[in-house]
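Chains as they are written, first to last, in my numbering: chain A, 1 to 350; chain B, 1 to 350; chain C, 1 to 350.
Heads up, a few of these hints could be off.
Stated by the list, open to error - Partial list, derived from the structure: chain C residues whose beta carbon lies under 8 Å from chain B:
| # | residue |
| --- | --- |
| 1 | Arg94 |
| 2 | Ala325 |
| 3 | Ala328 |
As the list claims (entries may be wrong) - Distance condition first, Cα-Cα at most 20 Å in a straight line; then the derived EDC-like pairs of lysine to aspartate or glutamate:
| # | chain 1 | residue 1 | chain 2 | residue 2 |
| --- | --- | --- | --- | --- |
| 4 | C | Lys226 | C | Glu65 |
| 5 | C | Lys226 | C | Glu184 |
| 6 | B | Lys303 | A | Glu65 |
| 7 | C | Lys226 | C | Asp190 |
| 8 | A | Lys226 | A | Glu65 |
| 9 | C | Lys303 | C | Glu313 |
| 10 | B | Lys226 | B | Glu108 |
| 11 | A | Lys303 | C | Glu65 |
| 12 | C | Lys303 | B | Glu65 |
It should be emphasised that the hints constitute simulated quantities derived from the structure, not laboratory data. Virtual Cβ for every residue (Gly too), placed ideally from N, Cα, C.
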Amino acid sequence: MPGTASGVFIGDEWYAVAASAELGPRPLARTALGVDLVLYRTAAGAAVVLRDRCPHRSAPLSMGEVDGDAIVCPYHGMHFGPDGRCARVPGQARIPPGASVRSFPVLERYGLVFAWLGEAARADPALLHAISAYGDPAWGTSRGYHHFRASYLNILDNLVDPAHTTFVHRRTIGNAAAAEVAIEAVEDGDLVRVGRWVDDAPPVPIVQRFAAPRGNVDRWQFYFLKVPSVSWVDFGAFDTGIAHTPEAQARAPYRVLSYAFLTPETAASTHYFWFQLRNIAVDDPAVTAEFEALYRATFDEDKALLEAVQRVEEREPGVAPVRIASDAGVARLRRIIARRLAGEAPPGER
Amino acid sequence: MPGTASGVFIGDEWYAVAASAELGPRPLARTALGVDLVLYRTAAGAAVVLRDRCPHRSAPLSMGEVDGDAIVCPYHGMHFGPDGRCARVPGQARIPPGASVRSFPVLERYGLVFAWLGEAARADPALLHAISAYGDPAWGTSRGYHHFRASYLNILDNLVDPAHTTFVHRRTIGNAAAAEVAIEAVEDGDLVRVGRWVDDAPPVPIVQRFAAPRGNVDRWQFYFLKVPSVSWVDFGAFDTGIAHTPEAQARAPYRVLSYAFLTPETAASTHYFWFQLRNIAVDDPAVTAEFEALYRATFDEDKALLEAVQRVEEREPGVAPVRIASDAGVARLRRIIARRLAGEAPPGER
Amino acid sequence: MPGTASGVFIGDEWYAVAASAELGPRPLARTALGVDLVLYRTAAGAAVVLRDRCPHRSAPLSMGEVDGDAIVCPYHGMHFGPDGRCARVPGQARIPPGASVRSFPVLERYGLVFAWLGEAARADPALLHAISAYGDPAWGTSRGYHHFRASYLNILDNLVDPAHTTFVHRRTIGNAAAAEVAIEAVEDGDLVRVGRWVDDAPPVPIVQRFAAPRGNVDRWQFYFLKVPSVSWVDFGAFDTGIAHTPEAQARAPYRVLSYAFLTPETAASTHYFWFQLRNIAVDDPAVTAEFEALYRATFDEDKALLEAVQRVEEREPGVAPVRIASDAGVARLRRIIARRLAGEAPPGER
């Protein structure tokens, strides 16, 4: 696979490859798992994901145009349908054998287009992580996208590592006090959960502002990572004294679920599609804009740091890291990655 | 040879390395076939082509100055003459043995400077393609230059492939109807000819405008490629009913010969020197400007596409292409290239 | 060592890594001998040089902040002291074994920060070249810095090669007449000296202007290179007839010592810290500015040429040079480099 380290990607997974809003009348070029893709919509609006290389003379199909359900090569006008098969060769009646491009299974959900770049037979839509709150009018949504010039592995580390928040995000969401509180890491199949409850404490400003609790609150902050591609942070608070049950969390006056979908672009770069669901001020566009600005600034901080780490690692690869106590989640996630990589075939011949 | 794939270039050939107008009082740096060259004119105006590397401390001679017939190294002032031999070392009387740079045979014709980078003994001026119309006052000239970040092989493909015109050039010279008309490909030594006659049809707008025929015309469009470096398109029209003879073509009221001289710069980039000869409005500078703008826009379209193909091929080399009917000329040209590459020594030690 | 050719650097040497004025409250990232370094000052103002890579997750410490005597990692807040040992890990009491970065011996002198990147046990401050005139109020100082995208070896060549002055610096300090005068090259341990006396000649304009001699002068110009990192040019003049003794030179009405400290950044780039000491107009800021502008322009000329040579050598490495008479100093210096490289261990494990 060009531009990628062999065996570095988990292919059998639904990966977000575009925001739904990106797919208009023009084809879109996008790279995922080192594979150059072209995305387009058929006349009926269905998203299509094909390899972005005409089998005739290697022109990128993404430089061509959409004609009904087909994409048309910009060089000699060959038509390829959603299944990747050539449907027309101008100037001749016969379609040459082998005139097709690989087509990938597609799902569109959560305002995102997902593709399955591994073994097509295993592309079960039920494997896409379910988010019941998405689309529920009880929740407001903010969203955005970041490109990281960094390996997805280092970004995953970051997502099960609350300890970095104090230092990397002290200008945005960090909190000096949090640095010294013990944090639990739990592993469950391909899921890693890291987090804690902070009980009987004054509400943090954002909770105070939107939920206006009477006194002290119990608040939770849990980081979930479904390896290798879905991350979410569940943050909320309710009055101190209420039992810590899922039902009580569901009724909490303040709760934010912050999702990120990660897709390795190459071994050294990653797409990062994110959105938040909030149960406060759900229809207020000003609050949506405020959330988007806050999370954009926060992820910019991660981006600056992780891109610097990437450059350091590229200059001198293969240095074994010293580990510290807050790496519990990282150790678990790396074990899951190794297990997934060992247990499946590579993303497949193209 | 630095920067080049071994065996990828045909050395024994006159290659255009500069427009005559580029060679003024300052030396010119240019790379051809992966070899860094310096070009300059002697006091008498003769073009000289030498390797652009002083044998003393590797300074590029192109950063130096011309002194009479010699070029002077910018570092220590060593003089090299048109034959590449060191003629002077400041501060010492003796010229060290080995103090010379390789000099290349040169020809200046058609407003271009040609160099022979292969075996010097075979550099016969008669091997340069003859263009009798060039300089004839019955023909007007337009000209220009394009740099392609693309292998010369893919550009050559394009030059014996009229089928691409419909799709790549639909904003300039393309014609939807042409896509479905059969085209003949003929091979003759190192020459490939592809094209056709379209008989008894209304004149295309440009013919109508300049030749004002009484009724329908027969028009021809033939693509010639003298492998590996000279391409021309012969396009013209005359009244329907006239016999298709070379003499009749020579007397046609509208005819344009569009020439391109290709020189591989590296394995992945190409110099493209072009000019048109036209038998209409030969002295009209407005028509010259119009032709230059039209061909510039047309070659810009080729450039955008072929540079994209180059990037695709570099990301994943060695993919065998599917072939279609319009590839007849391409197949012939690739055979000729293989024959030329097999039948001669590499461009030579430097 | 990343980014460097093995064995290409002499490690046991005091190398200038920053101007003192560059080290303020923020850490400074700098690469020397292919090693990424972070420089900072302790609360007491002492310069510290550490490797710029946290042993935990490879973040560059230079993106962090200084806290008292320590530098704080931007990722998880680990503290490292001037000795490179981790002094604190937020969230845990135990410091993991191996949690340290390499620390390098430091000296600050001549307005520069020097680091010893080789074997620390050999880092004797007495090995730093002594400059008695520096800081003496009888001398005025001008200074600057150049970055060269060129191997330090080619820059060293240039510094024992007065012959290049005529050609490279003819717009600044060059002199056509000098090209043909014989020059002596002397080797003494790690020192190469190249230069000459020009006796009983009219004073050059700058000497005329500042020293106003009565008639002809004897002037000297000697290039010293203490391999591999210190270069100086001793230029001065006094009335013809005075004996050529060090004492007479010390009393000369015009004398300039132009120093350069070279530090390989990578195998293909070099830091070049320079200053001049002059015994005329020592307190005149206009003359300081004039000197700085003159030397900046002169080194810009060297930079343009040496960067071009670097590009030529990279395109086709391993070409053996033709030698000329003025290469006497170069031959000596290359012998010393070979001796130093052979006689010591590489810069050391990191």
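Q) Taken at face value, is the distance from the CA of C:Glu313 to the CA of C:Lys303 at most 20 Å? A) holds, 15 Å
Q | Restraint outcome when C:Ala328 is required to lie within 8 Å of chain B by C-beta distance | A | Violated, about 11 Å.
**Q.** 20 Å limit on alpha-carbon distance, applied to hinted pair A:Lys303 and C:Glu65
**A.** holds, 18 Å
(Q) Against the 20 Å threshold, does the CA-CA distance of B:Lys303 and A:Glu65 hold or violate the hint? (A) This hinted pair holds, its Cα atoms lying about 18 Å apart.
Q: Could you grab the alpha-carbon distance between A:Lys226 and A:Glu65 and see if it respects the 20 Å cut-off?
A: violated, 37 Å
Q: Please verify that hint: C:Ala325, Cβ, nearest Cβ of chain B, below 8 Å or not.
A: holds, 4 Å
(Q) Need the status of pair C:Lys303, B:Glu65: alpha-carbon distance at most 20 Å? (A) With a Cα-Cα distance of about 18 Å, the restraint between C:Lys303 and B:Glu65 holds, given a limit of 20 Å.
Q | Hint check: 8 Å Cβ-Cβ cutoff, C:Arg94 to chain B | A | violated, 48 Å
(Q) So if I understand the rule, the pair passes when the alpha-carbon distance is 20 Å or less; does B:Lys226 with B:Glu108 pass? (A) Since the Cα atoms of B:Lys226 and B:Glu108 sit roughly 19 Å apart, the hinted pair holds (cutoff 20 Å).
**Q.** Satisfaction of hint between C:Glu184 and C:Lys226, Cα-Cα up to 20 Å
**A.** holds, 17 Å
Q) Quick one, are C:Lys226 and C:Glu65 close enough, alpha carbons at most 20 Å? A) violated, 37 Å
Q.
Please verify whether C:Lys226 and C:Asp190 have alpha carbons no more than 20 Å apart.
A. Distance ~6 Å between C:Lys226 and C:Asp190 Cα, so the pair holds.
Against the hints set out earlier in the document, violations occur for numbers 1, 3, 4 and 8.
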